[in-house]
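Q: Required output: the full structure, derived from the provided sequences and hints.
If you read the sequence shown in the working numbering, its first letter stands for residue 273, the second for the next number, and so on.
Do not take every clue at face value.
Stated by the list, open to error - Cut-off 30 angstroms, straight-line C-alpha distance, at most; resulting in silico cross-link-like pairs (DSBU-like, lysine-lysine):
#1 Lys321 to Lys617
#2 Lys614 to Lys321
#3 Lys614 to Lys563
#4 Lys375 to Lys283
#5 Lys637 to Lys375
#6 Lys617 to Lys563
#7 Lys321 to Lys356
#8 Lys375 to Lys321
#9 Lys375 to Lys617
#10 Lys283 to Lys321
#11 Lys283 to Lys614
#12 Lys375 to Lys356
#13 Lys321 to Lys637
#14 Lys637 to Lys283
It is worth saying that the hints were derived from the structure and are not from the lab.
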Amino acid sequence: MRQAWRWFGPKAGVSLDNVRQAGATDIVSALHEVPIGEAWTIAQVHERKSLIESTPAGRTPLTWSVVESIPIPDAVKRLGGAAKHEIAAWIASMEALAANDIKVICYNFMPVVDWCRTDLDYVTPTGSTAMRFDHNVFAVFDLHILQRDGAENDYSKADREIAGDLYNAMGAQEIAELTRNIASALPGSTTEPLTIPAFRDRLETYSGIDANRLRQHLIEFLEVVTPVADELGVKLTLHPDDPPRSLFGLPRIASTEADYAALFDAVPSPANGMCLCTGSLGVRTDNDLPKIARHFASRIHFTHLRATTREGDGRSFHEAAHLEGDVDMVAVLRELLTEDRKRDKANSIIFRSDHGHRMLDDLNKDVTPGYPAIGRLRGLAELRGIIHALDASALA
273 MRQAWRWFGP
283 KAGVSLDNVR
293 QAGATDIVSA
303 LHEVPIGEAW
313 TIAQVHERKS
323 LIESTPAGRT
333 PLTWSVVESI
343 PIPDAVKRLG
353 GAAKHEIAAW
363 IASMEALAAN
373 DIKVICYNFM
383 PVVDWCRTDL
393 DYVTPTGSTA
403 MRFDHNVFAV
413 FDLHILQRDG
423 AENDYSKADR
433 EIAGDLYNAM
443 GAQEIAELTR
453 NIASALPGST
463 TEPLTIPAFR
473 DRLETYSGID
483 ANRLRQHLIE
493 FLEVVTPVAD
503 ELGVKLTLHP
513 DDPPRSLFGL
523 PRIASTEADY
533 AALFDAVPSP
543 ANGMCLCTGS
553 LGVRTDNDLP
563 KIARHFASRI
573 HFTHLRATTR
583 EGDGRSFHEA
593 AHLEGDVDMV
603 AVLRELLTED
613 RKRDKANSII
623 FRSDHGHRML
633 DDLNKDVTPG
643 YPAIGRLRGL
653 AELRGIIHAL
663 DASALA
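A: Following this line, the structure appears as structure tokens:
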């Protein structure tokens with residue numbers, strides 16, 4: 273398996289030498305500066321690729337091997353195959369990547385909001401900080417800040433009472449921070465930052481779109497895109513919903529093993545693949561991660577390895593250290609390595625240590641939420657240790 277690192281570009285505060293020192297050989301990146309829906313050009317991709325792969329004398333080479341992500345425009349999620357212009361632009365971006373020999377693309381199909389957290393600096397018992405999703409605080413935003421029509425129907429009486437008490441105890445600064453965390457798009461998001469009025473308007477555009485219809489729109493997108501991807505030798509890897517459940521009354525269609533099976537059955541193209549994110553899928557108690565890895569092994573081309581700890585009734589959770597929490601990382605890696613040994617090096621599974629606790633010197637730095645260097649370095653080192661141990665055991 274190939275060790276990768278998500279790099280947000282030269283202004284992100286983590287240098288390519290930092291990546292080398294962490295032990296990664298592959299880069300996961302994107303042209304985040306290009307507006308959503310606008311086609312990437314061969315020249316733009318080549319410029320970023322040259323920046324990553326032009327190796328100074330004496331340095332370890334790096335390879336830009338995964339794009340995360342080419343955002344799926346909102347029109348595709350709402351209209352499916354009828355969004356012809358947006359799909360054509362997406363294909364043009366994929367062609368620009370393939371022309372630069374970048375053949376793995378991670379994407380998601382979450383409507384309106386991408387990955388979502390209520391707290392970006394939840395203090396852990398070690399003094400490091402992690403990201404957290406608090407169901408009750410999320411309800412505060414939905415019921416009292418966003419004031420979404422019909423939101424009260426999605427919460428029990430007890431939930432509504434708790435949210436009301438929390439909201440009444442919040443100051444203006446806390447309300448502003450919560451709004452920023454949820455509505456302003458977290459790093460790497462493939463959705464746009466929204467004001468509260470714009471948020472309500474965007475939700476309204478999904479009126480009448482249920483899970484079956486949203487799934488059909490993704491299938492229509494894949495039916496157009498995968499034939500081109502097959503010709504180009506590109507693998508598309510769908511990232512799970514994060515968290516893997518409905519938010520704001522919106523459907524989510526990549527939350528369970530059954531969700532992925534339905535998509536693979538509908539579009540059996542070899543290009544139609546999966547990004548196995550253990551943290552996202554691991555939030556649900558009904559997701560058996562080793563089983564999912566085994567079931568979809570041949571379709572896994574990219575994986576995010578991280579752990580989460582469910583709290584209370586499981587609706588709240590926080591990001592755990594990579595070998596802690598509710599994810600059996602050893603069992604997952606055992607399944608991934610079994611598949612990886614069947615492949616040649618060029619098609620090896622690419623993984624990255626996803627997210628990481630903010631710790632040590634990063635506590636005093638302005639870091640990208642979820643992506644501090646030291647926490648991810650710790651995670652990558654721990655994952656690498658498991659891989660070495662499992663490889664040695666397999667050879668014994």
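Q: Sort out which numbered hints this structure fails and list those numbers smallest first.
A: 5, 11
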